[in-house]
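Engineer: The chain contents come next:
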Amino acid sequence: MVSFIAGLLDATVQAATVLLLAGMGELISERAGVLNLGVEGMMLVGALGGFITTVLTGSHWLGFGVGILLGMVLALVHAFLCITLKSNQVISGVMLTLLGTGLTTFFGSGWVEESIDGFPQMTLPLVGQYLVDIPVIGEAFFRSTATDYLALGLLLVVWYFLHHSNLGLEMIAVGEDPEMADTMGVSVFRLRYLAVLIGGGFAGAAGAHLSLAFSQLWVPGMTAGRGWIAVALVIFAQWRPRRMLIGAYLFGLLDALRIRSQSISLTLGPDAPLAGVVNPVVEFLMTPQIMGTYPYLATILVLAYAVIRTKSDQLAVPSALLQSYSRETD
Amino acid sequence: MNVAVNVDAREDIPVWLAYGTPVFTVLAALAVSAVALVVLDVNPVAAYATMFVETLFTEFGLTETLTKAVPLILTGLAVYLPLKAGLFNIGAEGQLVAGALAGTWIGLNLSLPGLALVPLMFVAAAVAGGIWAGIPAYMRAKWDVNEIITSLLLTFVALEIQSYLLRGPMQGGTGNFPQSERFSEAATIPELVSGVHAGLLVAVCMVVVTYVLMTRTRLGFEITFVGSNDEAARQAGMSKFYVYLLVFVVGGAFAAMGGISEIAGAQGRYRAGFEPGYGFTAIPIALLGRNSAFKVLLAGLFFAVLFVGGSSMEVAFGVPAALVEIIQALVILFLITAEFFKSYRVGIDIDRGPTEAPAQPQGGDD
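Read top to bottom, the protein sequences are chains X and D. Convert by adding 22 to the 1-based position in the first sequence; the result is the number in this note's numbering. Convert by adding 14 to the 1-based position in the second sequence; the result is the number in this note's numbering.
Keep in mind the hints are simulated off the structure, nothing from the lab. Hints may contain errors.
The calculated lysine-lysine pairs, modelled on DSS-like cross-linking and capped at a C-alpha distance of 27 Å, are [claimed, not checked]:
id	chain 1	residue 1	chain 2	residue 2
1	D	Lys356	X	Lys108
2	D	Lys309	D	Lys254
3	X	Lys108	D	Lys309
4	D	Lys254	D	Lys156
5	D	Lys356	D	Lys309
Fair warning: this is a prediction, and the values are worked out from it, not measured in the lab.
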């Protein structure tokens with residue numbers, strides 16, 4: 023049981039990193055007023071680009087970088103359409119997800135059989151070698167891939183950037199009241215472009231982590247809706263980086279449970295009372311495919327809970343989200 | 015010398031632009047997708063020739079196109095109707111799967127004559143698809159929970175349940191494949207003309223029903239009104255709750271009918287992964303045809319040509335049919351680009367005058 027929990031926590035950390043990276047990118051983009059529903063497509067492009075680069079060069083760090091870059095390329099299209107051409111953000115985002123899925127299925131079909139040397143497990147630099155011996159949680163939290171540590175470090179950076187740096191505060195202002203920000207001399211266009219590009223880079227990183235560290239292989243459509251869960255996560259987090267951490271680990275745990283569930287049996291012994299009734303139900307609920315629905319169902323429930331609990335006037339949604347901005351010219 | 019780009023709103027849209035836009039977007043999408051073919055060392059002219067000639071000028075190609083058009087038109091309507099009320103249903107895929115599963119279950123487990131069984135399968139499918147679509151609609155109408163995310167996430171739930179049923183309770187046929195038992199004669203949708211099943215009739219009827227609903231009834235007017243200005247609609251005493259629920263549930267029922275048509279008309283049994291994402295293609299179809307249900311029909315036919323052509327191309331050149339997905343996405347991305355040029359006039363002013371305006375200090379206010 024202890025080894026099961028340790029294994030589960032280990033998988034949780036890796037699954038949570040995917041959501042944390044993608045979610046942070048979405049949070050920054052939405053904070054500046056641009057909804058990005060193309061995360062799933064940007065993740066896929068990052069996952070495939072990173073994977074191919076790693077196969078060709080043998081360097082997973084180079085692959086990770088290419089993944090980030092490709093996510094940003096797709097985000098640039100989104101930024102151009104939504105900011106410069108003032109197109110509908112929902113349509114542009116959904117189509118970029120479709121485009122990313124199509125592109126990676128088209129170009130990725132030949133790479134399914136390839137294998138790579140992805141990110142290795144390592145102890146956290148400086149303190150890891152002492153803390154890794156802590157029972158149950160030690161291995162999970164202090165022996166992980168470099169990208170897991172990177173994601174947690176970036177969360178701190180994002181939090182500081184958004185809430186304590188001038189640029190971050192200007193970005194929030196652009197998402198709340200672009201007219202006012204413009205009057206104050208903040209370039210709405212430039213900051214929105216920057217936010218969307220950063221968001222795309224994070225989505226690409228999330229995809230690259232998925233193919234280079236989490237599963238260390240490439241399968242078309244391997245993101246399996248995680249990009250959409252990241253979008254939901256931002257609402258759950260009420261657009262605040264701190265709550266993002268809790269949400270990412272919560273959903274990471276559900277993702278991990280599905281992967282690890284085969285190794286555990288929760289059925290009652292044949293002589294236990296009610297075994298005849300309970301066991302079939304438990305077996306049904308533990309079927310891999312049924313367990314596969316839990317992360318999605320949980321996302322829906324949590325989303326509903328987050329929205330219902332906070333009355334709409336308290337909801338922290340950026341006021342100018344989905345609104346394109348044009349400067350009044352005479 | 016100063017160069018300035020002027021963007022002014024157009025007062026009226028020139029005729030050539032209004033009619034030229036769809037043609038331009040499709041051609042641009044095909045041209046850009048050709049780059050993907052070149053990367054894989056395929057001659058794009060030859061590939062597109064196979065794609066369109068074999069589809070449009072052979073009997074096989076035409077019957078295939080009409081067959082594929084059935085689920086595409088119906089799922090297209092499933093996205094179109096909510097779009098009219100200002101909602102995005104990007105979960106038509108899940109509604110299609112939920113409906114197809116329910117209809118298949120009825121088709122395999124009831125023994126009735128075909129005239130009763132096939133309609134019953136459609137009803138069961140429509141109910142299941144309606145319920146599946148009703149969940150995100152209710153959550154949106156009641157609590158304002160974003161329907162885009164929930165409808166999509168429910169697609170993944172439906173796909174997992176499909177996989178569970180076809181590997182477990184509904185598994186049938188020889189071998190251990192994730193598929194159902196074959197349909198009996200009575201549970202199969204009869205042919206309309208040679209090679210095309212009667213599901214096409216259902217699809218066309220639903221297009222007409224949607225058209226009449228949207229243009230000739232008070233309800234259609236309410237849907238459009240809620241979609242264009244929900245606050246004004248509320249003040250006019252219209253129920254947003256009712257409209258939201260209705261467009262989604264009816265849309266889900268449409269998608270489900272598309273699913274059962276494909277299974278009981280074209281496939282003969284439920285196979286896991288029987289369809290290449292009709293519910294996602296439905297989004298570009300609805301966006302392309304968003305002005306009228308008949309345009310959804312046309313867009314559905316066009317994407318059916320792409321689907322069939324994509325498979326011919328895959329066979330002939332060995333390139334993945336996913337090219338079709340790239341084309342679909344590009345069509346809409348170019349469409350929204352073109353819409354900008356439709357509603358704004360972009361001009362470039364080049365001023366060669368000797369007086370150069372002094373650079374404004376940054377952040378300076380007047």
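Engineer: It remains to establish, for every hint, whether it holds in the given structure.
Structural biologist: Right, here's what the structure says about each hint:
no. : hint                  : result
1   : D:Lys356 <-> X:Lys108 : 13 Å, holds
2   : D:Lys309 <-> D:Lys254 : 26 Å, holds
3   : X:Lys108 <-> D:Lys309 : 25 Å, holds
4   : D:Lys254 <-> D:Lys156 : 10 Å, holds
5   : D:Lys356 <-> D:Lys309 : 19 Å, holds
Every hint from the earlier list agrees with this structure, and none is contradicted.
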